[in-house]
Amino acid sequence: MWKILKIELFKIFKRPRTYIAFAAIGIIICLIQLAFYLDGEAYIDFMIGSATKNFDIEGKKITGFMVCYVILQTLLLHVPLLIALIGGDMIAGEANMGTLRLLISKPVSRAQLLLSKFTATAIYTILLLIWMAILALGLSMIVFGKGDMINIKSDMIIILESKDLLWRYFAAFGFAAIAMTTVAALSFLLSIFAENSIGPIVATMSVVIICTILTTMDLPLFGTMKPYLFTSHMLGWKGFFDDQVNYSNVIRSAAILLFHIAAFVGIALAVFRKKDVLS
Amino acid sequence: MRRILGDNFSMNSIIQVTNLSKDYKEVKAVNNISFTVQEGEIYGFLGQNGAGKSTTIRMLLTLIAPTSGSIEVFGMNLTTHRKEILRRIGAIIERPDLYKYLTAYENLSLFAKMSGCERKEKELMQQLEMVGLHQRAHSKVRTFSQGMKQRLGLAVALIHDPQLIILDEPTNGLDPQGIADTRNLILSLSKRHGKTILVSSHLLSEIEMIADRMLIIDKGSKVAEGAVKDLFDPGRMIVELQVSNYQHTKEQLQGSKWMERLQKDTGDRFIFQLDKKQIPFLAAALVQMGAGIISLQHRHSLEEYFLSLTSANQHVEDFKN
Numbered sequence: 001m002w003k004i005l006k007i008e009l010f011k012i013f014k015r016p017r018t019y020i021a022f023a024a025i026g027i028i029i030c031l032i033q034l035a036f037y038l039d040g041e042a043y044i045d046f047m048i049g050s051a052t053k054n055f056d057i058e059g060k061k062i063t064g065f066m067v068c069y070v071i072l073q074t075l076l077l078h079v080p081l082l083i084a085l086i087g088g089d090m091i092a093g094e095a096n097m098g099t100l101r102l103l104i105s106k107p108v109s110r111a112q113l114l115l116s117k118f119t120a121t122a123i124y125t126i127l128l129l130i131w132m133a134i135l136a137l138g139l140s141m142i143v144f145g146k147g148d149m150i151n152i153k154s155d156m157i158i159i160l161e162s163k164d165l166l167w168r169y170f171a172a173f174g175f176a177a178i179a180m181t182t183v184a185a186l187s188f189l190l191s192i193f194a195e196n197s198i199g200p201i202v203a204t205m206s207v208v209i210i211c212t213i214l215t216t217m218d219l220p221l222f223g224t225m226k227p228y229l230f231t232s233h234m235l236g237w238k239g240f241f242d243d244q245v246n247y248s249n250v251i252r253s254a255a256i257l258l259f260h261i262a263a264f265v266g267i268a269l270a271v272f273r274k275k276d277v278l279s
Numbered sequence: 001m002r003r004i005l006g007d008n009f010s011m012n013s014i015i016q017v018t019n020l021s022k023d024y025k026e027v028k029a030v031n032n033i034s035f036t037v038q039e040g041e042i043y044g045f046l047g048q049n050g051a052g053k054s055t056t057i058r059m060l061l062t063l064i065a066p067t068s069g070s071i072e073v074f075g076m077n078l079t080t081h082r083k084e085i086l087r088r089i090g091a092i093i094e095r096p097d098l099y100k101y102l103t104a105y106e107n108l109s110l111f112a113k114m115s116g117c118e119r120k121e122k123e124l125m126q127q128l129e130m131v132g133l134h135q136r137a138h139s140k141v142r143t144f145s146q147g148m149k150q151r152l153g154l155a156v157a158l159i160h161d162p163q164l165i166i167l168d169e170p171t172n173g174l175d176p177q178g179i180a181d182t183r184n185l186i187l188s189l190s191k192r193h194g195k196t197i198l199v200s201s202h203l204l205s206e207i208e209m210i211a212d213r214m215l216i217i218d219k220g221s222k223v224a225e226g227a228v229k230d231l232f233d234p235g236r237m238i239v240e241l242q243v244s245n246y247q248h249t250k251e252q253l254q255g256s257k258w259m260e261r262l263q264k265d266t267g268d269r270f271i272f273q274l275d276k277k278q279i280p281f282l283a284a285a286l287v288q289m290g291a292g293i294i295s296l297q298h299r300h301s302l303e304e305y306f307l308s309l310t311s312a313n314q315h316v317e318d319f320k321n
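Top line first, the protein sequences correspond to chains A and B.
Going by this note's numbering, the first sequence opens with residue 1, and the numbers climb by one from there.
Going by this note's numbering, the second sequence opens with residue 1, and the numbers climb by one from there.
Heads up, some of the hints might be wrong.
Unchecked claim - Here are the in silico distance ranges between beta carbons for each label pair:
hint	chain 1	residue 1	chain 2	residue 2	range
1	B	67	A	6	33 to 39 Å
2	B	135	A	278	32 to 38 Å
3	A	206	B	205	23 to 29 Å
4	B	100	A	107	23 to 29 Å
5	A	16	B	188	37 to 43 Å
6	B	68	A	6	24 to 30 Å
7	A	262	B	19	39 to 45 Å
8	A	267	B	126	56 to 62 Å
To be verified - In silico lysine to aspartate or glutamate, EDC-like type, Cα no more than 20 Å apart, as pairs:
hint	chain 1	residue 1	chain 2	residue 2
9	A	106	A	276
10	A	106	B	94
11	B	250	B	230
12	A	3	B	26
Read the hints as simulated data drawn from the structure, not as lab findings.
No residue lacks a Cβ here, since even glycine has one placed at the ideal position from N, Cα and C.
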């Protein structure tokens, strides 16, 4: 399986489209950092708003940690599209190119081939997040320096100490990797049913959008299904930036996401093993 | 050009297909076909587009699961020994689609690894040289012509030195020189390297020139099988009979010695395969049966034989009308 995984990674990183996501993330992060560098104070003042009537914030308001948090909040909503570009292409793209029939006629089991392809997709997702971490956290710390972080929530403002932040970011990126892998698994599953990658990419985004709407609308009808939707748990990484981390909530969210990954890949495996390859 | 089997030809079965069928809802893509491919021979698989050739080949390569029937390759069941069997097969399935964003060399290396063998740079280059692509080894496949892709597809099919080679329409899209080169390569692989080859085509002339034995398939069903030299034997005639008392003649033919010679019953005509000398005796027998002969035509070209056995004949008739 290691040999097939290496081949799949080789194919992914030989395709120019693979680097679109890396370039897009790089550009967006640099733009946000530039905006903060030029006009960050005004943004912070706007976000804190009337709260400063009751107390003063002394010291540096814009730090590398703070900028990274804002970047994560903005980007993790849109990264699923970039992940779906690769996940949705893994099987459907091969079918479209006509190479799927060649791969399946080789002495490799379909299960091995599928799991190698999914593992390669997951590795791509993780590398994308590492790239994001390097730019969003590493570069922000270089540009804006270390320092405490102001976490502005709807009902409170939390100040987290600088020395207490790095582990929170590692944990948050780890959680985000699980959340994004869930999207990768969904697009991968949908990829099995199509013969070109546009369908699975659009379908993945449609599912994410519909589930997000169901998650955010506070209607009793949707309330019962909310806990089971993966989109309800994708922002669980924010839990690491509470004053006291509610580990049971974070672990439950991670477990639900992992269950979705297992279910999506399991269904993909069951379908793919029996599928007639007609492309 | 046609090759006659040598005296030392081994008669071990490489492929044994028994009562193979594939249904898609109400469509029978392949209908209960059986055939055997012997070691070292070139076996032609002839039929029009949509006759069921590619579906059968896809079942041989485990791309499609049969609805019923069994496939044995190298004496092993394909379902239970899939990996062992596929390790010894090289194939081109319809178009030789490869990764366009990779070079010829990278494609070859990648598929060698997928086939379970590591090839050194020198060996990969030799393989590319064999198909005349060594000078374009490091060019991206997207810059290749159809003929070059076809040749690279052949190199990929042969890189792991398979015992059995399955080629589905290998000359599609090639220019005359490319067709001749491919034909010579197939003959060389069989004659000089002892490979067993199953080659499909909708072009009778292609099969006729390279195959030792052939199977004709039409609408998913086998309509004829045999040595090309026998099917092409000028002494062997295809006799097409049209009678006024169709039902009566059919009943009379059943149980008669002529039943063995009957190749096809089209519903309004009977097609026999006979030795030339037998034709007067058939005519006499039909008169005795009271068949009411409308026409008794004979043909002897393989092309006509093919047309007479497949629905292509109907297309020709429609075109004439």
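Which numbered hints turn out to be false for this structure?
3, 6, 8, 11 and 12
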